[in-house]
Amino acid sequence: MSPWFFRSLFFHFSLILSVYVLNFSIGKFRDIGKKEKIVVAPSSIRVDVVAMPTLTLREQRQMALASLKAKSEAPPTESQKISPPSPKAPPAETKSTSDLELEKVEKEKKLSDLLKDFSDRPLDSGKNKKTEDSKKENPSKGPSKWASSTADEMKNLLLAGNKLSKGIGLEGPNQNHDVSDFHMYLEQLVVHIRPFWKLPGYLVEQNLKCRIRLFLSQHGDLNEVLLYESSGLNQYDEKALEAIKMAAPFPAPPESIRDRVKEGEIILGFPI
Amino acid sequence: MKTLFIICVFCKVLLFLEVAYAQDPLKMEKEQDSGNLTIVAVGDATIEKEKIAVLPIVVDGKVSAAENVLVDEFSNLIINDFAFYRKIFFIPNYKELKQYFDKPLNSVLSEIRPDYDFWSSKMASYLIQSFASIKNSQIEVNILAYDIKSKKEIYRNTVLLNQTNIRDDGHRISNEIYKLITGKDAIFNSKIVFVCDKSSNRLEPVKELYIMDFDGNRVKKLTNHNSTVFSPAISDDQKYVVYSMISKVKGMKNIDLYLMDLEKNTTVPISTLPGINSGAIFSPDGESIALTLSISGNADIYIMNLKNKNLKRLTSHTSDDVDPSFSPDGKTIAFLSGRPGRAMIYTLDISGEEVNVTRIGFVGKFNATPRFSPNGLEVVFSSWVDNAFDIYRMNTQGTELVRLTKDFGSNEDPSYSNDGQFITFSSKRVLTSTTVQQNVYIMDRDGEVLGSVTKNLGNCQTPRWSK
Chain A
1 MSPWFFRSLF
11 FHFSLILSVY
21 VLNFSIGKFR
31 DIGKKEKIVV
41 APSSIRVDVV
51 AMPTLTLREQ
61 RQMALASLKA
71 KSEAPPTESQ
81 KISPPSPKAP
91 PAETKSTSDL
101 ELEKVEKEKK
111 LSDLLKDFSD
121 RPLDSGKNKK
131 TEDSKKENPS
141 KGPSKWASST
151 ADEMKNLLLA
161 GNKLSKGIGL
171 EGPNQNHDVS
181 DFHMYLEQLV
191 VHIRPFWKLP
201 GYLVEQNLKC
211 RIRLFLSQHG
221 DLNEVLLYES
231 SGLNQYDEKA
241 LEAIKMAAPF
251 PAPPESIRDR
261 VKEGEIILGF
271 PI
Chain B
1001 MKTLFIICVF
1011 CKVLLFLEVA
1021 YAQDPLKMEK
1031 EQDSGNLTIV
1041 AVGDATIEKE
1051 KIAVLPIVVD
1061 GKVSAAENVL
1071 VDEFSNLIIN
1081 DFAFYRKIFF
1091 IPNYKELKQY
1101 FDKPLNSVLS
1111 EIRPDYDFWS
1121 SKMASYLIQS
1131 FASIKNSQIE
1141 VNILAYDIKS
1151 KKEIYRNTVL
1161 LNQTNIRDDG
1171 HRISNEIYKL
1181 ITGKDAIFNS
1191 KIVFVCDKSS
1201 NRLEPVKELY
1211 IMDFDGNRVK
1221 KLTNHNSTVF
1231 SPAISDDQKY
1241 VVYSMISKVK
1251 GMKNIDLYLM
1261 DLEKNTTVPI
1271 STLPGINSGA
1281 IFSPDGESIA
1291 LTLSISGNAD
1301 IYIMNLKNKN
1311 LKRLTSHTSD
1321 DVDPSFSPDG
1331 KTIAFLSGRP
1341 GRAMIYTLDI
1351 SGEEVNVTRI
1361 GFVGKFNATP
1371 RFSPNGLEVV
1381 FSSWVDNAFD
1391 IYRMNTQGTE
1401 LVRLTKDFGS
1411 NEDPSYSNDG
1421 QFITFSSKRV
1431 LTSTTVQQNV
1441 YIMDRDGEVL
1451 GSVTKNLGNC
1461 QTPRWSK
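Taken in sequence, the protein lines are chains A and B. Take the first sequence: its position 182, counted from the start at 1, is 182 in our numbering, and no numbers get skipped. Just add 1000 to the spot in the second sequence (first one is 1) and you have our numbering.
Because the hints were derived from the structure by calculation, they are not lab data. There's no promise every hint is true.
Listed below are the simulated SDA-like cross-link pairs for lysine to any residue, each with C-alpha atoms no more than 25 angstroms apart in a straight line [as the list claims (entries may be wrong)]: (1) A:Lys245 <-> B:Ala1041; (2) B:Lys1467 <-> A:Asn207; (3) B:Lys1012 <-> A:Ser2; (4) B:Lys1002 <-> A:His12; (5) B:Lys1365 <-> A:Ala248; (6) B:Lys1149 <-> A:Glu242; (7) B:Lys1179 <-> A:Val204; (8) B:Lys1049 <-> A:Met246.
Given the structure is predicted, the values throughout are model-derived calculations rather than measurements.
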């Protein structure tokens, strides 16, 4: 055989190998260079009180716990049902007038209604900007373990103040019809995990935070968990991971969001 | 042949480049879509209390009634110390401990090594066991602590009990065990200074300075000025106290500032400038104090070096600036200022005069005594609402404002504990149309009131917790 044959063979083999290696490297580089678009679920936006609070911190927490308990114990309404209805599903229940009246009375006791009493005026976006600008002059003194761009995004969202999110109105007359299946599923996940999210008191007071990325199957089984951002303390991270593992399996996601859930679009913040 | 080879190579390189950089549009779109991540907050965790079983002291040999009292006091002291942290620890009392046992209590108490499986079945996380014996007419107590989950001994110490040292030794041991479990110091070695009018009568109001343990024990009177003492502060090393007092010189009243050395039991005036010399607080390094002086014509905040008494002015606004509080790194001060028209909370940098003055309080009719938390992330203060003062807390950016007290008398002068988990404050209650009682209370940082730590001392106010 001619030596050129072997040279040609060697060359072609090297070329094919380098194509695979280069493609793999470029793909990885592209992933690193790609800026992930991070979105915060609406229910995660914190609302700051702009007047002296009338309720104490303990009263607020008791109300929040009672509301959470009522939500988890309440039978699912039509708007909460995530899985697609079967052909044999019973017809939707229509609520009687008396039920609506009862719900209205309950709603008046909720914290969000009490907060509304502080101001009847619509919130002025100009004032919000001033508040944000003045707060930008005062950088946070606390420690931050987050990547700077993510931390800045979160800080701007959390310090916005005077901003009331639409929230997710699943009951009552003020339902938010813009809420997607995905956000409703996120709320279900949080309600599912929260009973398992426990810490010894001396860890709670350290104000740590971690974030965990979730990969779920189409049935809600836990495929994988990834520590996205560590708190800096192993024990804290382990407790968050333990909460997720104990809570699994999760409710089956609706078909429209299965791919997103499978690809790990959900990041759980412990606590935020 | 060679030319043909070169042409082939050139074509292959072109093909290679096209393959390497080719983008599948569909795949790219999918990848762009999968770049979205959504963060959802799970929220605050539920506190999971850890159970610490503190067993009664096992005494080897006969003890007198007096010795038995000492032994019981030591046992109860450790239990009461950990009971302060009721949100973190569950401490079963002796009656409850008895109910846990399948086997007789005596056999459990006499075990030299704990039955880890037994305690694990009772959901205990830690066990504290003590054995006392009489040696040379003294009670020697061996204290051991065990981690039940990891099945190992974590602490061992020996003390000789006597009436003089029993509380100091007990608190020290409690703190050492607490620190092994949590990694931080507890409040067990801390003190609170405060002012009381026990010696007062209607004709001559008198307020003197006192000091006590964090749990209200060992109350000790520090001053005998027969005058009005107020606004005390204690240094972080618990060696010095600074306080103001109304003095009369040649019929003229002045508010002077005094420094007391607690070890030497000596007191010296350190600032007697005309007008107000008040609201002093120690810097974290103990070498200087921040205080309010009115020598410029209105109240302003200064820093005074305790060695050479040199003054450095921090505020010069035309409005009154009072009530300074140091951040834990000593670089920032929180204070009250009337510059916006009402008393609001500000912070500033101590590097110079009016440096980086930042308003952090925007609400409240009248705010008072802002105090930094030990971690520097929060400020606690009192505010006038609904005809009374109540205690509030917010972070140092002025957000996350929460109310801590309500419908609990008039509550003022909050001060954080050294670990930031508790706040002491004074609370004034109206008992009758002519009687008002003011005592020092402790609550946790979320507003759950543990109770009063002063009793039968008259009206007590301005508590300050050592760090």
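Okay, the hints, checked on the actual structure:
Among the hinted pairs, Lys245 (chain A) with Ala1041 (chain B) is consistent with the structure: their alpha-carbon atoms are about 17 angstroms apart, no more than 25 angstroms. Under the criterion of a C-alpha separation no larger than 25 angstroms, the hint pairing Lys1467 (chain B) with Asn207 (chain A) is consistent with the structure, at around 20 angstroms. Taking the CA atoms of Lys1012 (chain B) and Ser2 (chain A), the gap is about 20 angstroms. The hint holds against a cut of 25 angstroms. Under the criterion of a C-alpha separation no larger than 25 angstroms, the hint pairing Lys1002 (chain B) with His12 (chain A) is consistent with the structure, at around 16 angstroms.
Taking the CA atoms of Lys1365 (chain B) and Ala248 (chain A), the gap is near 50 angstroms; set against the 25 angstroms cutoff, the hint is violated. At most 25 angstroms may separate the alpha-carbon atoms for a hinted pair to count; Lys1149 (chain B) and Glu242 (chain A) meet this at roughly 17 angstroms. A C-alpha spacing of about 16 angstroms is found between Lys1179 (chain B) and Val204 (chain A), which places the hinted pair at or below 25 angstroms, so the restraint holds. Straight-line distance between C-alpha atoms of Lys1049 (chain B) and Met246 (chain A) comes to about 19 angstroms, which keeps the hinted pair within the 25 angstroms bound.
The structure fails to meet hint 5 from the earlier list, while all remaining hints are met.
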